[in-house]
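Using full-length UniProt numbering, read the sequence shown as starting at 1 and increasing by one per residue.
By construction, these hints were calculated from the structure, which means they are not laboratory data.
Be aware that a few hints might be false.
Pairs of lysine-lysine residues, derived as BS3-like cross-links and limited to a Cα-Cα distance of at most 30 Å, are as follows [as the list claims (entries may be wrong)]:
#1 Lys149 x Lys18
#2 Lys38 x Lys131
#3 Lys65 x Lys123
#4 Lys38 x Lys15
#5 Lys79 x Lys190
#6 Lys7 x Lys18
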Amino acid sequence: IFGATNKDLCRSFEKLMKDKFQMSSMRELTFFLGLQVKQKEDGIFISQDKYVAEILRKFVLTEGKSASTPIDTEKPLLKDPDGEDVDVHIYRSMIGSLMYLTLSRPDIMFAVCACAYFQVTPKASHLHAVKRIFRYLKGKPHLGLWYPKDSPFDLVAYSDSDDAGASLDRKSTTGGCQFLGCRLISWQCKMQTVIATSSTKNMVIDTIVTYILSDDPLITTNGVQLTMSNLQERVDSP
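Sequences are here, hints too, so could you generate the full structure?
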């Protein structure tokens, strides 16, 4: 795959490659490894709506109501050891299908990563969360990435993390995205490998509201849990 802003350069490069290698030209790119590519005068749009329809049929999830968001922010996912067991192979297959979809759908990245954490012993509650992602895709199958032709090439990066948000082991989750101008070119979501006991945000808040810490049992308890989790991790480490 190659491209240029000048068609003459494309033709020259194509001739050069054909002189060196045995190859054939398939003309303008429209489809590649499940990615649909629509090339317009003002930019390029990349999507996977055909793939969305395919995986909805594969897992028999074409019927039913759609969801407005890919994850329920009011109900954090837990290990749920007493929950009902589900088919591990189907669960992992669903996660794998969704992971491939994140190539063009950064909007589901966090939800998919959160559900992928439970692939070893998935429960019914986790499967319900995975199906919610599919229901969200059912309602918004045509979203994708837009790369406008006229846009600056300034590299801009954003990142953030929650404050010990993972209720399982108190580890924070970090997310980030990078732009070239207004073109989104990369995105990430990953749980941190260690327990962070402080952050810039935490220190600023602590400085401002120190006087209320002892009066707020929720904040005090949260701090104790975070410290104990960090100590437990240190004890368990070789």
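Hint by hint, here is what the structure shows:
{"no.": "1", "hint": "Lys149 x Lys18", "in the structure": "28 Å, holds"}
{"no.": "2", "hint": "Lys38 x Lys131", "in the structure": "29 Å, holds"}
{"no.": "3", "hint": "Lys65 x Lys123", "in the structure": "22 Å, holds"}
{"no.": "4", "hint": "Lys38 x Lys15", "in the structure": "25 Å, holds"}
{"no.": "5", "hint": "Lys79 x Lys190", "in the structure": "18 Å, holds"}
{"no.": "6", "hint": "Lys7 x Lys18", "in the structure": "17 Å, holds"}
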